[in-house]
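Residues in the sequence shown are numbered from 77 upward in steps of one, following our numbering.
Calculated directly from the structure, the hints in this document are not laboratory data.
Hints may be right or wrong, so weigh each one.
Stated by the list, open to error - With a cut-off of at most 25 Å between alpha-carbon atoms, the simulated PhoX-like pairs for lysine-lysine come out as follows:
{"no.": "1", "residue 1": "Lys361", "residue 2": "Lys425"}
{"no.": "2", "residue 1": "Lys390", "residue 2": "Lys220"}
{"no.": "3", "residue 1": "Lys163", "residue 2": "Lys361"}
{"no.": "4", "residue 1": "Lys334", "residue 2": "Lys224"}
{"no.": "5", "residue 1": "Lys224", "residue 2": "Lys163"}
{"no.": "6", "residue 1": "Lys287", "residue 2": "Lys234"}
Keep in mind that this is a model prediction, so the values were computed, not measured.
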Amino acid sequence: MTGAGVWRAGLGCWCFAILVGIAGCDRAGTSGTDAAGSGGRKVNLLNVSYDPTREFYQEFNAAFAEQWKAETGQVVTIDQSHAGSGKQARSVIDGNEADVVTLALAYDIDIIAEKSGLLPADWQQRLPHNSAPYRSTIVFLVRKGNPKQIRDWDDLVKDGVTVITPNPKTSGGARWNYLAAWGYVLHRELQDLARLHDPAAADAVSAAQDKARQFVTALFQRVAVLDTGARGSTNTFIQRGIGDVLLAWENEAFLAVKDLGPQDVEIVVPSISILAEPPVAVIDKFAERHGTTAVAEAYLKYLYSARGQQLAAKYHYRPVDPQEVPADDLAQFAELELFTIEQVFGSWKQAQVEHFDDGGVFDQIYQPGQ
(Lines of atoms letter the chains of each structure in order from A and count residues from 1; the text may use other names and numbers.)
(Lines give C-alpha, C1' and ligand atoms only; values in the text may rest on other atoms or scores of the structure.)
Protein backbone atom coordinates (compact mmCIF):
# COMPACT_ATOMS: atom_id res chain seq x y z
CA MET A 1 0.00 0.00 0.00
CA THR A 2 1.28 3.48 -0.81
CA GLY A 3 1.89 6.14 1.80
CA ALA A 4 -1.26 7.97 0.76
CA GLY A 5 -3.17 4.74 1.04
CA VAL A 6 -1.96 4.18 4.58
CA TRP A 7 -2.99 7.74 5.51
CA ARG A 8 -6.42 7.26 3.95
CA ALA A 9 -7.00 3.89 5.60
CA GLY A 10 -6.02 5.24 8.98
CA LEU A 11 -8.47 8.11 8.70
CA GLY A 12 -11.22 5.73 7.66
CA CYS A 13 -10.73 3.64 10.78
CA TRP A 14 -10.76 6.78 12.89
CA CYS A 15 -13.99 8.07 11.39
CA PHE A 16 -15.65 4.72 12.04
CA ALA A 17 -14.46 4.62 15.65
CA ILE A 18 -15.65 8.13 16.34
CA LEU A 19 -19.09 7.54 14.84
CA VAL A 20 -19.57 4.31 16.74
CA GLY A 21 -18.44 5.97 19.97
CA ILE A 22 -20.86 8.86 19.66
CA ALA A 23 -23.74 6.64 18.59
CA GLY A 24 -23.22 4.52 21.68
CA CYS A 25 -22.97 7.44 24.06
CA ASP A 26 -26.28 7.15 25.91
CA ARG A 27 -24.94 8.06 29.36
CA ALA A 28 -26.53 5.01 30.94
CA GLY A 29 -25.55 4.54 34.55
CA THR A 30 -23.86 7.90 35.05
CA SER A 31 -26.60 10.48 35.44
CA GLY A 32 -27.90 11.74 38.75
CA THR A 33 -24.78 11.11 40.84
CA ASP A 34 -21.14 11.92 40.46
CA ALA A 35 -19.20 9.12 38.81
CA ALA A 36 -16.47 9.18 41.45
CA GLY A 37 -18.99 7.92 43.95
CA SER A 38 -20.58 5.32 41.76
CA GLY A 39 -18.41 2.43 42.80
CA GLY A 40 -17.91 -0.17 40.13
CA ARG A 41 -20.37 1.31 37.67
CA LYS A 42 -19.07 2.20 34.26
CA VAL A 43 -18.78 5.84 33.35
CA ASN A 44 -18.63 7.48 29.94
CA LEU A 45 -17.09 10.80 28.92
CA LEU A 46 -17.51 12.71 25.69
CA ASN A 47 -14.50 14.77 24.63
CA VAL A 48 -15.39 17.25 21.90
CA SER A 49 -12.09 18.14 20.26
CA TYR A 50 -10.65 19.79 17.20
CA ASP A 51 -9.42 18.09 14.05
CA PRO A 52 -5.80 16.93 14.45
CA THR A 53 -5.95 15.52 18.01
CA ARG A 54 -7.43 12.15 16.99
CA GLU A 55 -4.30 10.03 17.21
CA PHE A 56 -3.10 11.64 20.44
CA TYR A 57 -6.36 11.19 22.31
CA GLN A 58 -6.74 7.60 21.16
CA GLU A 59 -3.64 6.64 23.15
CA PHE A 60 -4.16 9.19 25.91
CA ASN A 61 -7.70 7.92 26.56
CA ALA A 62 -6.45 4.36 26.97
CA ALA A 63 -3.73 5.51 29.38
CA PHE A 64 -6.17 7.54 31.46
CA ALA A 65 -8.73 4.72 31.58
CA GLU A 66 -6.05 2.35 32.87
CA GLN A 67 -4.92 4.84 35.51
CA TRP A 68 -8.49 5.66 36.58
CA LYS A 69 -9.42 2.00 36.98
CA ALA A 70 -6.29 1.34 39.04
CA GLU A 71 -7.08 4.34 41.24
CA THR A 72 -10.85 3.95 41.65
CA GLY A 73 -11.79 0.48 40.39
CA GLN A 74 -14.14 2.10 37.90
CA VAL A 75 -14.23 1.49 34.15
CA VAL A 76 -14.28 4.69 32.10
CA THR A 77 -14.75 4.95 28.35
CA ILE A 78 -14.10 8.12 26.42
CA ASP A 79 -15.89 8.92 23.18
CA GLN A 80 -14.35 11.43 20.79
CA SER A 81 -15.84 13.99 18.43
CA HIS A 82 -13.54 15.77 15.97
CA ALA A 83 -14.09 18.64 13.54
CA GLY A 84 -12.98 22.23 13.07
CA SER A 85 -12.68 23.96 16.45
CA GLY A 86 -15.17 26.74 15.71
CA LYS A 87 -17.66 24.22 14.40
CA GLN A 88 -17.21 22.12 17.53
CA ALA A 89 -17.78 25.10 19.81
CA ARG A 90 -21.02 25.82 17.99
CA SER A 91 -22.10 22.18 18.37
CA VAL A 92 -21.70 22.38 22.16
CA ILE A 93 -23.64 25.65 22.29
CA ASP A 94 -26.35 23.95 20.23
CA GLY A 95 -26.60 21.00 22.63
CA ASN A 96 -23.81 18.49 21.94
CA GLU A 97 -23.40 17.35 25.56
CA ALA A 98 -19.64 17.32 25.95
CA ASP A 99 -18.23 16.51 29.37
CA VAL A 100 -14.97 18.13 28.31
CA VAL A 101 -13.79 20.16 25.36
CA THR A 102 -10.22 20.17 24.05
CA LEU A 103 -10.29 22.88 21.40
CA ALA A 104 -7.82 24.77 19.24
CA LEU A 105 -8.00 28.19 20.88
CA ALA A 106 -9.31 29.96 23.95
CA TYR A 107 -11.91 32.04 22.13
CA ASP A 108 -13.84 28.93 21.13
CA ILE A 109 -14.29 28.00 24.80
CA ASP A 110 -14.94 31.63 25.74
CA ILE A 111 -17.82 31.73 23.28
CA ILE A 112 -19.31 28.54 24.76
CA ALA A 113 -19.23 30.20 28.19
CA GLU A 114 -20.63 33.48 26.85
CA LYS A 115 -23.42 32.08 24.67
CA SER A 116 -24.55 29.12 26.78
CA GLY A 117 -23.46 29.66 30.38
CA LEU A 118 -22.41 26.00 30.50
CA LEU A 119 -19.14 26.90 32.26
CA PRO A 120 -17.89 30.04 34.03
CA ALA A 121 -16.19 32.90 32.23
CA ASP A 122 -13.00 32.34 34.27
CA TRP A 123 -12.66 28.71 33.13
CA GLN A 124 -9.11 29.36 31.93
CA GLN A 125 -7.86 29.90 35.48
CA ARG A 126 -8.83 26.42 36.69
CA LEU A 127 -5.82 24.55 35.27
CA PRO A 128 -2.13 25.43 34.87
CA HIS A 129 -0.80 27.42 31.92
CA ASN A 130 -4.19 29.02 31.29
CA SER A 131 -5.69 25.56 30.82
CA ALA A 132 -3.39 24.78 27.87
CA PRO A 133 -1.64 21.45 28.63
CA TYR A 134 0.39 21.39 25.40
CA ARG A 135 1.48 23.83 22.73
CA SER A 136 2.14 23.89 19.02
CA THR A 137 2.94 26.26 16.19
CA ILE A 138 2.36 26.66 12.46
CA VAL A 139 4.77 25.22 9.88
CA PHE A 140 4.73 24.44 6.16
CA LEU A 141 4.35 21.01 4.56
CA VAL A 142 5.72 20.86 1.01
CA ARG A 143 6.24 18.25 -1.69
CA LYS A 144 9.45 16.22 -1.55
CA GLY A 145 12.41 18.24 -2.73
CA ASN A 146 10.52 21.48 -2.13
CA PRO A 147 10.14 22.18 -5.87
CA LYS A 148 8.75 25.70 -5.31
CA GLN A 149 11.64 26.55 -2.95
CA ILE A 150 9.40 27.65 -0.10
CA ARG A 151 11.64 28.71 2.79
CA ASP A 152 9.71 31.39 4.65
CA TRP A 153 6.41 33.26 4.70
CA ASP A 154 7.25 35.58 1.81
CA ASP A 155 7.65 32.57 -0.48
CA LEU A 156 3.97 31.71 -0.04
CA VAL A 157 2.93 34.64 -2.23
CA LYS A 158 5.38 34.04 -5.08
CA ASP A 159 3.92 33.63 -8.54
CA GLY A 160 2.84 30.08 -9.26
CA VAL A 161 2.52 28.94 -5.63
CA THR A 162 -0.76 27.33 -4.58
CA VAL A 163 -1.54 27.26 -0.85
CA ILE A 164 -3.79 24.96 1.17
CA THR A 165 -5.25 26.13 4.49
CA PRO A 166 -8.63 25.59 6.15
CA ASN A 167 -11.39 28.16 6.53
CA PRO A 168 -10.85 30.57 9.46
CA LYS A 169 -14.61 30.80 9.93
CA THR A 170 -14.80 27.15 11.04
CA SER A 171 -11.25 26.00 11.84
CA GLY A 172 -9.12 26.98 14.80
CA GLY A 173 -5.97 25.90 12.98
CA ALA A 174 -6.88 28.20 10.11
CA ARG A 175 -7.15 31.14 12.48
CA TRP A 176 -3.70 30.34 13.86
CA ASN A 177 -2.40 30.13 10.25
CA TYR A 178 -3.89 33.51 9.36
CA LEU A 179 -2.60 35.25 12.48
CA ALA A 180 0.85 33.68 12.12
CA ALA A 181 1.10 35.14 8.61
CA TRP A 182 -0.14 38.54 9.80
CA GLY A 183 2.29 38.59 12.71
CA TYR A 184 5.19 37.62 10.46
CA VAL A 185 4.67 40.74 8.34
CA LEU A 186 4.43 42.98 11.40
CA HIS A 187 7.70 41.52 12.65
CA ARG A 188 9.33 41.92 9.23
CA GLU A 189 8.28 45.56 8.99
CA LEU A 190 8.82 46.64 12.59
CA GLN A 191 11.69 44.30 13.57
CA ASP A 192 10.57 44.52 17.20
CA LEU A 193 6.97 43.56 18.01
CA ALA A 194 7.12 45.68 21.17
CA ARG A 195 6.78 48.70 18.86
CA LEU A 196 3.15 47.70 18.32
CA HIS A 197 2.45 49.16 21.76
CA ASP A 198 4.70 52.23 21.50
CA PRO A 199 2.71 55.43 20.82
CA ALA A 200 5.82 56.96 19.26
CA ALA A 201 5.77 54.26 16.57
CA ALA A 202 2.13 54.80 15.58
CA ASP A 203 2.88 55.77 11.98
CA ALA A 204 5.23 52.81 11.47
CA VAL A 205 2.68 50.47 13.03
CA SER A 206 -0.09 51.74 10.76
CA ALA A 207 2.11 51.19 7.70
CA ALA A 208 3.04 47.70 8.92
CA GLN A 209 -0.61 46.80 9.46
CA ASP A 210 -1.35 47.87 5.88
CA LYS A 211 1.49 45.64 4.65
CA ALA A 212 0.15 42.73 6.70
CA ARG A 213 -3.30 43.15 5.22
CA GLN A 214 -1.86 43.22 1.69
CA PHE A 215 0.20 40.11 2.38
CA VAL A 216 -2.65 38.07 3.84
CA THR A 217 -4.90 39.17 0.99
CA ALA A 218 -2.31 37.91 -1.51
CA LEU A 219 -1.94 34.70 0.48
CA PHE A 220 -5.64 33.86 0.37
CA GLN A 221 -5.75 34.67 -3.34
CA ARG A 222 -3.46 31.65 -3.70
CA VAL A 223 -5.59 29.26 -1.63
CA ALA A 224 -7.09 26.58 -3.87
CA VAL A 225 -9.46 24.93 -1.36
CA LEU A 226 -10.82 26.13 2.01
CA ASP A 227 -11.77 23.01 3.95
CA THR A 228 -13.75 23.30 7.18
CA GLY A 229 -11.01 21.77 9.34
CA ALA A 230 -7.28 21.09 9.51
CA ARG A 231 -7.55 17.37 8.81
CA GLY A 232 -9.66 18.07 5.74
CA SER A 233 -6.93 20.38 4.42
CA THR A 234 -4.30 17.72 5.09
CA ASN A 235 -6.38 15.26 3.08
CA THR A 236 -6.76 17.79 0.26
CA PHE A 237 -3.00 18.25 0.12
CA ILE A 238 -2.08 14.58 0.47
CA GLN A 239 -4.90 12.49 -0.94
CA ARG A 240 -6.05 14.84 -3.66
CA GLY A 241 -2.60 16.17 -4.47
CA ILE A 242 -3.76 19.78 -4.55
CA GLY A 243 -1.41 22.62 -3.64
CA ASP A 244 2.29 23.28 -3.35
CA VAL A 245 2.30 24.01 0.38
CA LEU A 246 0.03 23.20 3.30
CA LEU A 247 -0.10 25.57 6.27
CA ALA A 248 -0.27 23.09 9.10
CA TRP A 249 -0.22 22.51 12.80
CA GLU A 250 3.29 21.31 13.62
CA ASN A 251 1.96 18.02 15.00
CA GLU A 252 -0.16 17.42 11.90
CA ALA A 253 2.86 17.99 9.66
CA PHE A 254 4.91 15.48 11.67
CA LEU A 255 2.12 12.90 11.41
CA ALA A 256 1.93 13.38 7.65
CA VAL A 257 5.67 12.81 7.24
CA LYS A 258 5.53 9.79 9.53
CA ASP A 259 2.57 8.19 7.75
CA LEU A 260 3.58 9.03 4.18
CA GLY A 261 7.32 8.81 4.54
CA PRO A 262 9.94 11.46 3.81
CA GLN A 263 9.98 10.39 0.17
CA ASP A 264 6.68 12.22 -0.39
CA VAL A 265 6.56 15.35 1.78
CA GLU A 266 8.82 17.39 4.02
CA ILE A 267 8.45 20.05 6.69
CA VAL A 268 9.68 23.61 6.30
CA VAL A 269 10.00 25.60 9.52
CA PRO A 270 9.64 29.36 8.95
CA SER A 271 11.87 31.94 10.59
CA ILE A 272 9.10 33.03 12.97
CA SER A 273 5.65 31.74 13.82
CA ILE A 274 2.94 31.95 16.43
CA LEU A 275 2.81 30.12 19.76
CA ALA A 276 -0.41 28.13 19.56
CA GLU A 277 -1.90 27.18 22.94
CA PRO A 278 -4.86 24.80 22.56
CA PRO A 279 -6.91 24.86 25.80
CA VAL A 280 -9.14 22.38 27.60
CA ALA A 281 -12.13 22.70 29.92
CA VAL A 282 -14.82 20.76 31.73
CA ILE A 283 -18.30 21.73 30.52
CA ASP A 284 -19.70 22.07 34.02
CA LYS A 285 -23.44 21.86 33.45
CA PHE A 286 -23.26 18.85 31.15
CA ALA A 287 -20.79 17.05 33.43
CA GLU A 288 -23.05 17.74 36.42
CA ARG A 289 -26.06 16.44 34.49
CA HIS A 290 -24.18 13.26 33.59
CA GLY A 291 -22.65 12.80 37.05
CA THR A 292 -19.16 12.88 35.56
CA THR A 293 -17.60 15.98 37.11
CA ALA A 294 -14.92 14.19 39.14
CA VAL A 295 -13.75 11.93 36.33
CA ALA A 296 -13.87 14.80 33.81
CA GLU A 297 -11.68 16.95 36.05
CA ALA A 298 -9.27 14.07 36.61
CA TYR A 299 -9.15 13.41 32.87
CA LEU A 300 -7.99 16.94 32.10
CA LYS A 301 -5.55 17.03 35.02
CA TYR A 302 -3.98 13.83 33.68
CA LEU A 303 -2.91 15.80 30.60
CA TYR A 304 -0.45 17.61 32.89
CA SER A 305 0.96 14.42 34.41
CA ALA A 306 4.30 13.01 33.34
CA ARG A 307 2.51 10.40 31.24
CA GLY A 308 0.23 12.99 29.66
CA GLN A 309 3.16 15.23 28.76
CA GLN A 310 5.13 12.31 27.33
CA LEU A 311 2.20 11.29 25.14
CA ALA A 312 1.75 14.87 23.97
CA ALA A 313 5.38 14.92 22.83
CA LYS A 314 5.01 11.49 21.22
CA TYR A 315 2.24 12.92 19.06
CA HIS A 316 4.31 16.02 18.31
CA TYR A 317 2.74 18.56 20.65
CA ARG A 318 5.18 20.74 22.55
CA PRO A 319 4.81 19.86 26.25
CA VAL A 320 4.27 22.64 28.77
CA ASP A 321 6.44 20.74 31.27
CA PRO A 322 9.38 19.61 29.13
CA GLN A 323 11.27 18.34 32.18
CA GLU A 324 8.82 15.41 32.22
CA VAL A 325 9.80 14.38 28.68
CA PRO A 326 12.97 12.55 27.54
CA ALA A 327 15.46 14.75 25.73
CA ASP A 328 15.26 12.57 22.61
CA ASP A 329 11.55 13.33 22.28
CA LEU A 330 12.15 17.06 22.70
CA ALA A 331 14.83 17.07 20.00
CA GLN A 332 12.16 16.83 17.28
CA PHE A 333 11.02 20.40 17.91
CA ALA A 334 12.86 23.03 15.89
CA GLU A 335 13.97 26.18 17.65
CA LEU A 336 12.32 29.24 16.14
CA GLU A 337 11.11 32.61 17.28
CA LEU A 338 7.51 32.43 18.50
CA PHE A 339 5.19 35.32 19.27
CA THR A 340 1.98 35.13 21.28
CA ILE A 341 -1.54 36.21 20.48
CA GLU A 342 -1.32 38.80 23.28
CA GLN A 343 1.87 40.36 21.91
CA VAL A 344 0.44 41.03 18.47
CA PHE A 345 -3.35 41.07 18.73
CA GLY A 346 -4.06 41.89 22.39
CA SER A 347 -6.29 38.89 23.08
CA TRP A 348 -8.20 36.20 21.28
CA LYS A 349 -11.40 38.18 21.63
CA GLN A 350 -9.83 41.21 19.96
CA ALA A 351 -8.41 39.07 17.16
CA GLN A 352 -11.74 37.33 16.63
CA VAL A 353 -13.78 40.53 16.47
CA GLU A 354 -11.36 42.36 14.18
CA HIS A 355 -10.45 39.54 11.83
CA PHE A 356 -12.94 36.67 11.89
CA ASP A 357 -16.37 37.88 12.94
CA ASP A 358 -18.87 38.52 10.17
CA GLY A 359 -17.76 41.63 8.30
CA GLY A 360 -14.25 41.45 9.75
CA VAL A 361 -10.97 41.67 7.89
CA PHE A 362 -11.10 38.10 6.59
CA ASP A 363 -14.52 38.66 5.04
CA GLN A 364 -13.22 41.87 3.48
CA ILE A 365 -10.10 40.36 1.92
CA TYR A 366 -11.29 36.90 0.90
CA GLN A 367 -13.20 37.17 -2.33
CA PRO A 368 -13.42 33.72 -3.98
CA GLY A 369 -13.09 33.77 -7.73
CA GLN A 370 -11.49 37.19 -7.91
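Comparing the hints with the structure gives:
no. : hint            : verdict
1   : Lys361 - Lys425 : holds, 23 Å
2   : Lys390 - Lys220 : holds, 24 Å
3   : Lys163 - Lys361 : holds, 20 Å
4   : Lys334 - Lys224 : holds, 22 Å
5   : Lys224 - Lys163 : violated, 33 Å
6   : Lys287 - Lys234 : holds, 16 Å
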